[in-house]
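Student: Residues per chain are reported as follows:
2 protein chains.
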Amino acid sequence: MSETMDRSGRPFDTKTFDGMLRRRFFFTESFEIYRTAARWTGDNGGLFDYGPPGCALQANIVDVWRKHFVLEEDMLELDCTILTPEDVFKTSGHVDRFADWMCKDPVRGDYLRADHLVENALEARLKGDKAARGVQLKAEAEPKDAKKAKTAVKDVKAVKLDDKTVTEYEEILAKIDNFDGDALGELIKRLEIRNPIGNGEVLPPVPFNLMFKSSIGPSSAAPIYLRPETAQGQFLNFRKLLDFNNNSMPFASASIGKSYRNEISPRAGLLRVREFLMAEVEHFVDPESGKRHPRFSEVEHIELALLDRDTQLSGQTKLQNVSVGDAVKRGIIDNETLAYFLARTHLFLLKIGVDQTKLRFRQHMANEMAHYACDCWDAELQTSSGWIECVGCADRSAYDLTVHANRTGEKLTVQERREEPVEITEWVATLDKKKLGPKFRKDAKAVETAVAALDQPSLGSLQEKLKTDGSISIPAPDMGDGSASATLGPDLLSIEKQTRVEHTREYTPNVIEPSFGIGRILYSLLEHSYWYRGEDTARCVLSLPSAVAPTKVLLLPLSSHASFQPIVAQLSRKLRLMGVSNKVDSSGATIGKRYARNDELGTPFGITVDFETVQKETITLRERDSTKQVRASVDEILRAVKSLVDETETWQDIQKRLPEFTGQEAE
Amino acid sequence: MSETMDRSGRPFDTKTFDGMLRRRFFFTESFEIYRTAARWTGDNGGLFDYGPPGCALQANIVDVWRKHFVLEEDMLELDCTILTPEDVFKTSGHVDRFADWMCKDPVRGDYLRADHLVENALEARLKGDKAARGVQLKAEAEPKDAKKAKTAVKDVKAVKLDDKTVTEYEEILAKIDNFDGDALGELIKRLEIRNPIGNGEVLPPVPFNLMFKSSIGPSSAAPIYLRPETAQGQFLNFRKLLDFNNNSMPFASASIGKSYRNEISPRAGLLRVREFLMAEVEHFVDPESGKRHPRFSEVEHIELALLDRDTQLSGQTKLQNVSVGDAVKRGIIDNETLAYFLARTHLFLLKIGVDQTKLRFRQHMANEMAHYACDCWDAELQTSSGWIECVGCADRSAYDLTVHANRTGEKLTVQERREEPVEITEWVATLDKKKLGPKFRKDAKAVETAVAALDQPSLGSLQEKLKTDGSISIPAPDMGDGSASATLGPDLLSIEKQTRVEHTREYTPNVIEPSFGIGRILYSLLEHSYWYRGEDTARCVLSLPSAVAPTKVLLLPLSSHASFQPIVAQLSRKLRLMGVSNKVDSSGATIGKRYARNDELGTPFGITVDFETVQKETITLRERDSTKQVRASVDEILRAVKSLVDETETWQDIQKRLPEFTGQEAE
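Line by line, the protein sequences give chains A and B.
Last residue of the first sequence: 667 in the working numbering, with the numbers rising by one and none dropped.
Last residue of the second sequence: 667 in the working numbering, with the numbers rising by one and none dropped.
If you are wondering where the hints come from, they were derived from the structure by calculation, not from laboratory data.
None of the values given here were measured: they were computed from a predicted structure.
Each residue gets a CB set at the ideal place from its N, CA and C atoms; glycine is no exception.
Be aware that a few hints might be false.
Computed cross-link-like contacts, SDA-like style, restricted to lysine to any residue with a CA-CA straight-line distance of at most 20 Å [stated by the list, open to error]:
| no. | chain 1 | residue 1 | chain 2 | residue 2 |
| --- | --- | --- | --- | --- |
| 1 | A | Lys213 | B | Leu210 |
| 2 | B | Lys442 | A | Thr36 |
| 3 | A | Lys574 | B | Glu72 |
| 4 | B | Lys258 | A | Ser259 |
| 5 | B | Lys574 | A | Leu71 |
| 6 | B | Lys574 | A | Arg66 |
| 7 | A | Lys90 | B | Arg35 |
| 8 | A | Lys583 | B | Lys175 |
| 9 | A | Lys616 | A | Arg639 |
| 10 | A | Lys583 | B | Glu72 |
| 11 | A | Lys104 | B | Gly185 |
| 12 | B | Lys213 | A | Met578 |
| 13 | A | Lys445 | B | Arg35 |
| 14 | A | Lys583 | A | Lys593 |
| 15 | A | Lys411 | B | Thr36 |
| 16 | A | Lys642 | B | Gly579 |
| 17 | A | Lys442 | B | Arg35 |
| 18 | A | Lys465 | A | Ala450 |
| 19 | A | Lys351 | B | Gly579 |
| 20 | B | Lys104 | A | Ala222 |
| 21 | B | Lys90 | A | Asp43 |
| 22 | B | Lys442 | A | Arg35 |
| 23 | B | Lys583 | A | Arg66 |
| 24 | A | Lys258 | B | Ile518 |
| 25 | B | Lys213 | A | Ala222 |
| 26 | A | Lys67 | B | Gly579 |
| 27 | A | Lys574 | B | Thr36 |
| 28 | B | Lys175 | B | Gly185 |
| 29 | B | Lys442 | B | Thr487 |
| 30 | A | Lys442 | B | Thr36 |
| 31 | A | Lys213 | B | Ala222 |
| 32 | A | Lys628 | A | Arg533 |
| 33 | A | Lys574 | B | Arg66 |
If you anchor each label on the Cβ, the simulated ranges turn out as follows [said to hold, decoys possible]:
| no. | chain 1 | residue 1 | chain 2 | residue 2 | range |
| --- | --- | --- | --- | --- | --- |
| 34 | A | His561 | B | Leu319 | 24 to 34 Å |
| 35 | A | Gly198 | B | Leu454 | 41 to 51 Å |
| 36 | A | Pro106 | B | Asp96 | 53 to 63 Å |
| 37 | B | Glu649 | A | Arg639 | 21 to 31 Å |
| 38 | B | Ser219 | A | Gly315 | 30 to 40 Å |
| 39 | B | Arg441 | A | His561 | 20 to 30 Å |
| 40 | A | Asp243 | B | Pro477 | 57 to 67 Å |
Generate coordinates for the entire structure from the input sequences, incorporating the hints supplied.
Tutor: Shown next as structure tokens:
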């Protein structure tokens, strides 16, 4: 069904690929042995375990990420808890707005994600139209997104549509992420979309909150959630981070950790999961000067494949290749800081081995953006399931710091000494605290908070009102009596224009957030690395760069001959001391089979110990992709391995230096 | 209150220490700014965030752990999900038995952990007795456990007890972990123990399950838990791990990840938290040969401080220093494999900087052990809160693999070719499957499972019964009709003695599980590393080994002079390329202040760039603990740093090689 090509330019074979990953234990469904058990009623959709190679690959990707972002840019790394009290997510807006639209089929009891329902139905109809027109289905456009391919309806009815309808459907699909619940409901009704299983009518879309909920402590009165992003912990620690950074701006914090989304019906393997590893950066900047970035000149020449908002809204998906310098000049990317992180993201993805031709940056449309974002670009990777959002780079402005500061009364701001003091004249509200306590008692603090939250325009008009009406009522959400307002007279409150000289400037920083879904990157990278030798689909290779390969070196004794054992053990120890991860395979399989097994694991280099090693102390070194080998002394080969792993030499360099060997592979 | 000494041999000052850790942002309470907010109703007890130095220290400890265990012993690392369906924990016994005993104060609504309630009360009384006898409170015995010191009652009433009562209380305290709910209830009643706050009577202890519960998917019909240990994911993947290991035994898997316990009332800072990082090994062994360990000879000379079960049950806490070789010979530690991991644990803890005199291994008493364990030794570290369990080394026997295999019908066994085939005669039950389906329909599989679960003695007696009674009833928990039994006649079931020749041996492995609480280790290590210079409690030092220190090298320009900037930047780059983490501090503070700040962060080495650097290209290198400095060329100093960090040279070696420098510190 898919049109993606593998690394060797042949159609991507999802089934063989997936089978290989499971056979080599890159991953498995969690609790797999329970799925076929009697009395099993659990739901383990969207939960996956990584086996040893998947786990090592993940650790290596994280390691490169940490070096590329945290160490290179002196970011402040945090490890915050996943458990988060409800209050925090009420403030951040996640309790109210972190939801997908869901339709219930009242007869079957199925829950369906509304946007996926519409997408799948329209794609099936378009496919049916093509079938009716006799168009080769193989040559169809690639699905835009993972959601589609996997959940697509299998049996296509060949029904011809009129041209206007085809255009309408294509336009809906191009901007599917831009529809809200009402709009999706309208589409489902107007286009008569039904549950593909059983063809039943579905109820109108309702929001389903995607956070997992629990409660903490023995009383069960304290609701908590599993975080859907690592970001909030970083925002709440902003003051401590600023202190730690000696009050110097701008700076970035970073977190690597698990996050959770209770997906309605996860079905796309590692691409739509309920528990996932994220790596997030929160870059805090001065809103006045923060659109410029001091290191922008280092990246401005880098060319990105961009798909901007306007292109998508016009129903198109054509990419523009633009340097980030130009993109900022032409206003496609809003500012240098955002563009800097897009370019750094691009470099990171290439470093771990992503195929540059399968990488694009797509801007979010207005309704698609998270509630906290004012602009967002996704790095998307092309896979057999379409283009997958793997990195989100959002401009969260001052949204989060502001709402948490308002809710808690803590200052989440930066104070900077002004070079020139400024004189400021503004309305100042003063409460008579001696009278406040006796009158409002427990609510005194709520009233103070309410008065402190009034802005200048409000104060201006309230001052008028206080004069004319003799008392005013202001919004005070924290009042214990539930009235959510407080009434104040001139005995308690005075509002006057005052002039002061300000020596410091106080501001709430803006936040640029590059957020990486490690699991999606890992899976896409595996697809990009995959091919098979010759015409033999059983001879799979994963061409992972050695920086992320689970194991760098495979150590092979030619046979079980006793003289090889101590040499192999010593080589393993030496490599370990050099910091090069290695595995010994002394199983009885042939050399060829043992190499093939490790080609599937992406092991870039293989060292074989044979009878010549015993006699002359030479060993052979094999490179995975070319299967070429060289032979030299133990010391020379170990030095070569070290410089290959450190990327100070390429395999071509080594081939030039050391004599080729053509012996074993055929044995 | 505490009797622990700091690294310099002076009484440990908990308050200064804790203040320093928070000031330097090693950690903070999670959501701290919410705690003082209006309308805050959440419970964030037992939740902590690590700031940049805490986060780096944690990452370094994990890194050493991974090298010491996973890489050194070729363990198979997994990353399994935290979310776990209820069925898995029902089978493992956690739903029924993973609980603490809790008493409610019905008047105040407080929930109290029953064992802590008893401990605190008896300790307060013993303290009161000592006060009445005029015994110096400072010289009292150290509290046995963290639970005590922190929650101890502050105001001690001087009431003298008779000698018999004192002995009784001391004995109860020595084996407090051995009491179950009934026994605790009996103690509370008999000794008239009450809620220390308000002095109210409490209700009898009830079990409180410590797992966080949620539900998965939109229907909310599928209950899940947050795992309380990483172990279950490893057990469920046993077959895949064995395959991955080319069916070779023994082997170990390992996992590093977050786990959760909904503690009743966490109050001991980082020592009793609800979300924590664990590193666990599951070592799978043949129950016949697995008591011996092939690498035991490498560790048998290592001496451990042991506190065994019998000593504790006799009401004592005296340690024995025994080599692990002797301990196995004398039967103190059950077998070589368990002893091997205790010794390896000992070596790991010393490697990261734990104080050997504050480390002991304590055996669990019978009622204290987790429901799955048949033997368990804890590595405990002594802190200002007493002896803290930081590593548990449990013999889980074949418990987990057996219960999961029984529940799912999957084989979690090892098949091994026998060198000599054996002839086995035993009862064999055969079901007539053609008749089974029509008769039991949906329950046919349940009946098969039930028959397969019958052991030899049962089959023997059932065979008799089938002959005499004509039909038998067997336990069948999976029956859809809820009867939990199946009735079978001779038409369906035959039981006969059969003889077969077995060429393969099949067994369920035993599991030895060393389980590390990284947060507790991290906190205890910080205490062990802490001291202050001279008489100045404000000049704190953390003497962390460079292997785990958050930053290895501090880079200091002498002043803000422009010529220093590029040199410092270049040094930083060079060190980064050498893989040595470093931080630049170019703030305006004096050299001495900047060094002091980094002594608190545990940074072992400092390099200063001054005017001589500009003229002669030499820099100074300072060692944290001694504050001594040497001066040499840039290249020589960088080489020295590299060999210090790699631990190929000591500071004493460097001092011998390079000329001392005595200049800046005083400036």
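Student: Tell me if the straight-line CA distance from Lys90(B) to Asp43(A) falls inside 20 Å.
Tutor: holds, 15 Å
Student: Take a quick look at whether Lys175(B) and Gly185(B) sit within 20 Å of each other, Cα to Cα.
Tutor: Given pair Lys175(B), Gly185(B) holds - Cα atoms ~15 Å apart, limit 20 Å.
Student: Holds or violated: are the alpha carbons of Lys213(A) and Leu210(B) at most 20 Å from each other?
Tutor: Holds. Lys213(A) to Leu210(B) sits at ~16 Å (cutoff 20 Å).
Student: For a C-alpha distance cap of 20 Å, please report whether Lys574(A) and Glu72(B) respect it.
Tutor: OK: Lys574(A) and Glu72(B) at ~12 Å, within 20 Å.
Student: Mind checking the alpha carbons of Lys213(B) and Ala222(A) for me, to see if they're no more than 20 Å apart?
Tutor: OK: Lys213(B) and Ala222(A) at ~13 Å, within 20 Å.
Student: Assess, step by step, whether the Cα of Lys574(A) is no farther than 20 Å from the Cα of Thr36(B), and give holds or violated.
Tutor: The hint is violated at about 56 Å.
Student: Using the beta carbons of Pro106(A) and Asp96(B), state whether their distance is inside 53 to 63 Å or not.
Tutor: violated, 37 Å
Student: Given the proposed pairing of Lys583(B) with Arg66(A), does the C-alpha separation stay at or below 20 Å?
Tutor: Roughly 15 Å separates the two Cα atoms, so the pair holds.
Student: The hint says 41 to 51 Å between Gly198(A) and Leu454(B); measuring C-beta to C-beta, is that right?
Tutor: holds, 43 Å
Student: For a C-alpha distance cap of 20 Å, please report whether Lys574(B) and Leu71(A) respect it.
Tutor: The hint holds at about 13 Å.
Student: Check the following: the C-beta atoms of Glu649(B) and Arg639(A) are separated by a distance inside 21 to 31 Å.
Tutor: At 23 Å between Cβs, range holds.
Student: Would you check the hint for Lys642(A) and Gly579(B), treating anything up to 20 Å between C-alpha atoms as holding?
Tutor: Roughly 14 Å separates the two Cα atoms, so the pair holds.
The structure is inconsistent with the numbered hints 8, 11, 12, 27, 34, 36, 39, although it conforms to all the rest.
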